[in-house]
Amino acid sequence: MKALDLAHGVSDPDDRLIDASEVLADWQRRCGGELLGVIAIPALLELVRSARRAGTPLARTITFLDETRALSTWAAVTPEADGTRIELSRWRTSAVEDGGADAPGAAALVRQIAEAQVLLDAEQRVVSVDAMAADLAGMAAAMREGIGRRWTEFVNLAELEHHQSALHWRLLDDAAVGIDGSVRPWRARLFPMGDAGFELLLVPDGIGIVPHESVAPSPQAPDAASWNGIIGRELAPALRQPINRIIANAETIRTRLAGPLSDEYSTYAGDIAEAGRHLLGLIEDLADLEAVEAEGFKPAPDRIDLADCARRAAGILSVRAQERAIRLATPAEEARTPAIGEFRRVLQILINLLNNAIRYTPGSSTVTLTCWTDGVRAWLCVADEGQGLTQEQVDRLFAKFERLGRSGDGGTGLGLYISRRLARAMGGDLSVEATPGQGARFVLELPADTNTEMGVSEI
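With the sequence shown counted from 1, adding 15 to any position gets you my numbering.
Think of the hints as simulated: they come from the structure by calculation, not from any bench. Just so you know, these numbers come straight off a predicted model, no measurement behind them.
List of simulated lysine to any residue pairs, SDA-like, C-alpha gap at most 20 Å:
| # | residue 1 | residue 2 |
| --- | --- | --- |
| 1 | K415 | N370 |
| 2 | K313 | P462 |
| 3 | K313 | F358 |
Construct the entire structure; sequences and hints are all you get.
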């Protein structure tokens, strides 16, 4: 196995290799192609096409075979006005042993059927996530709120639950996973990207019915021009992937995974990643706003446990709370508060309430989550020790785009408005009790689950 130097080339808008250094030209021929022909290295072709579609530079480790060798190299591609610039470095060769998961084109084939792509760092911690399926939205939202935590915390690994420590990626590759909010079985496929980390692809394990969001039928004729649903249906899916790529590349630079970098530029990269997350959050909020304001919008009712939802939401935001020395007091593990509501929507509401509490509560204080039920209605309260609110602020709090005069805090002014609309759509409500100087208590109310074996709990 021998490390070599640098290879470079240029492809035109039709993916033909119009210029190549001697090494790249030799690889092109060994893979059955020719100079001025379409790129013959499958993994490189897929990377070039992805970069061109996203309109942003991409980089990762690619693997491919020629007649007798397996070749692994770090590939960086940059789309330009008249083509795509290609740079290959740190490549290594080895004898071909088998045609397993690392064979060329494996990741490309899996991407064709994958319904979620998660970029991970070298420790398998989440950097960015892009989920296409409706039943993965809850997991995707949780991952976005839990950036920096291991991906295994957001899925159920039944076959490996007895392992307490972090697992080597090869033990997790092709593992069966369960995902809260999805009735479908899933497989996790992990593809190394060299020093930059891993690409995690979630693939449905077998054929199943994909649940879709409830969308009201358009009152207009099918061929009539309409902006209804354009954000959630067209704009959000088109923007998620390029923004996630921006975040992932910025995080790669910030954490110096791509090489040494001065502190000043690392800070710039961190600002870019944070701005990308803010933009992505705004897009998600606008898509949610569009959904909840659609005529006939109805969340899918389910039997849930509010106490369990409280513990999950606190777990997702535990790292963020610890960064501000804020303690999250949650219901005891044995506590149960049965209710009726859509699990991922309830989790979305709680994450929003906890995010606000962590953001506006002084450090070294406590945010308390409590649940109770009378058998007919069920409640969950998020109480903080912040500055509280005036009556005038309370009257404006749930208005659309209302931020109470705050600026530069990363908020969109839509979270509480959307949360209340969701609560009411589930047959409940979201209210607030606040006194200046004495913190705030946000209370989510839902119908109680009267046909459950969990029993009635008061916490």
